[in-house]
Amino acid sequence: MTLDRRSFLKLVGAGAGAAGAAGLPMIGMAAELMPKSGRRVVVVGGGYGGTIAAKYVRMLDKSIEVVMIERNKQFVSCPFSNFYIAGLTNDMNSLTIGYDKLAANHGVKMVYAEVTGIDPAAKKVVTDQGTLDYDRLIVSPGIDFRTEEIEGYDAKTAEIFPHAWKAGAQSTLLRNQLQSMKDGGTVIISMPLTPYRCPPGPYERSCLIAHYLKTHKPKSKLILLDANPDVVSKKPLFTKAWSTYYKDNFQYIGGKKITKADTGAKLVSVEGIEDFKGDVINLIPPQRAGDIAVKAGLVGDDKKWCPVDAVSFESTKHKGIHVIGDATALPSDGPPMPKSGYSANSQAKVCAMNVVNLLNGKETIEFSGINVCYSAISDHESVSIAQVFKLEGGKIKSSATAISPADFSLGKAEHAYGESWLKNILTEMST
Amino acid sequence: MTMKWKGWALATGALAFSATAMAAPPSAEMISFACAGCHGTNGGSAGLTMPSLASQSKTAIVDAMKKFKSGERPSTVMGRLAKGYTDADFDAMATFFSKQKFHPTTQAVNAAKVKKGEALQEANCSRCHLEDGKEGKDDTPVMASQWLPYLQMQMDLYQSGARKMPEKMAEKVKPLSKEDLDALLHFYASVK
Ligand SMILES: Cc1cc2nc3c(=O)[nH]c(=O)nc-3n(C[C@H](O)[C@H](O)[C@H](O)COP(=O)(O)OP(=O)(O)OC[C@H]3O[C@@H](n4cnc5c(N)ncnc54)[C@H](O)[C@@H]3O)c2cc1C
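Quick mapping for you: the protein sequence lines, in order, are chains A and B.
Per this note's numbering, the very first residue in the first sequence carries number 1; after that it's consecutive.
Per this note's numbering, the very first residue in the second sequence carries number 1; after that it's consecutive.
By construction, these hints were calculated from the structure, which means they are not laboratory data.
Where hints are given, some of them may not hold.
[Stated by the list, open to error] Partial list, computed: chain B residues near chain A (C-beta under 8 Å):
| no. | residue |
| --- | --- |
| 1 | M22 |
| 2 | P26 |
| 3 | E29 |
| 4 | I31 |
| 5 | F33 |
| 6 | G40 |
| 7 | V62 |
| 8 | G84 |
| 9 | A88 |
Built from N, CA and C at the ideal position, the CB exists for glycine as well.
Taking the hints into account, I'd like the entire structure generated from these sequences.
Written out as structure tokens, the structure reads:
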């Protein structure tokens, strides 16, 4: 029912959108959703970044109205979706949150709608349900895919070669494909050049799918095609896991950037010269900031990521709009903060604090943040990367970065801590 | 120096679009909010193995962070994170979390063990773990409502020798059986 309603609205919206010249939305036509009385922050996207930004603005200053706009009534976490895909859990509920408690506990006003445009001059957000005025806007739309870089990739491709790089129906699709594959089949994961969402994610997925095959379909094999010349995250740990646990059914091949997809022939190819055939193909396309960020002119010269100030996260393209999470390109000294849920959470708090300071005419405060990513390497062991970031000379720089010991001596404990991390971060987002 | 630069920047308009140049150094909130992704909002943990930090004593937190950093206290992740912070940062985060409200939890505990533990704690632990473990004094952590699996993991580390017990605590712990200790942890986990 919800879907029907949404596709109806999309249809209606499509006509209006086409009339707007050069991506500028037709504001005049849409009704104002909630007239603004006092000071208002609008948050676009209720994922890892958006929920936290909305909550912390309210925690820091109750006199500021916060409206969060999200297209879905429920959010499914990418973190730990690899467990679900690989059959280590059958419970999608533990990965799913709603927004009712967040709204009730903190007075965050929820609007379930598709954001179709932003007018920075008029300080207005346009949705398929109407418009909203803001004093400051925080945008955390996550990623969308640069499918145009893969020949043959069309609207149907992801239904046959799931990316499962946004959790939910895509995760279920990949999981079902793996479960219905015959023993003796070949599974292919194709991952893009960095930067992309969750650097260790594809490697974690390779371990867990290899674990699934080893346990349930021992004659099958898994090939990970990495567009990068070499492993880009936690290399000593993943290579050790592959050679220790999965050497018989897993192969890593670096430097294989997929440029063509053929769902009919069930193959992906590199520069049209090398084909890889698979029974199940998990094609993770290259990425950029979520569509709305591109539409609103928030992306930089690379047309991919949104450049922002390293303290306030204010866009360098448009005043009054702040971008956080996967969509950002932060000024960095050394390796940047990875595009992770933990980074989005940490950035959201810095952004919320400084948005409140700016609205109150107070001095902004320098960045201090954390990234930790747990990755499972089997059904009972996990490893992690832990990083602290601070501001130095206007750029974000790591003051400490280290991975778990390579003898996996902490693997079991980290597996337990990883689960608690998920519980805490999802609780933080939803209550 | 900062002031001079700020004055110049304001005069020339260089600051018009950048908040970076005039930002104040990280506050206690700025540093501590980042911990909540693992330890829960304001240090109240919902994850079964992750300790709550809310209402811990300032000294206990600073002490723990220093021991994590030096490696004296074994850890999975805290040692790696602590290396990114200064003593002043430790002070700021400890101040922040010590001011947060106690975080009561509801957990699955064994009623018989809780009763046994309650009887045992009086003579063995209450000298330091005050008010049924609700009050953290000096370097003693709050144990009331701490998640049972976390307490068990830490007790295992003490027992294996990887984490060093305070001498006076060791005197009390050593004579107790495994069952006694387990009962004590069930008791502390149950206190709200
Ligand atoms: C397989 C996998 C495993 C991962 N594992 C980890 C992990 O273990 N740890 C970790 O820290 N990170 C992990 N990540 C990364 C993590 O998922 C992302 O970094 C994180 O979700 C980024 O947060 P965000 O707020 O930028 O985007 P998201 O969390 O994706 O939130 C964006 C939200 O905006 C909404 N939205 C977008 N556009 C619009 C619009 N126009 N109108 C209305 N709503 C809109 C979306 O519906 C969505 O809810 C993993 C990712 C993957 C794919």
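These are the hints, each one checked on the structure:
no., hint, verdict
1, M22, "holds, 6 Å"
2, P26, "holds, 4 Å"
3, E29, "holds, 7 Å"
4, I31, "holds, 5 Å"
5, F33, "holds, 4 Å"
6, G40, "holds, 5 Å"
7, V62, "violated, 17 Å"
8, G84, "holds, 3 Å"
9, A88, "violated, 12 Å"
In the structure shown, a violation is registered for the earlier hints numbered 7, 9, in ascending order.
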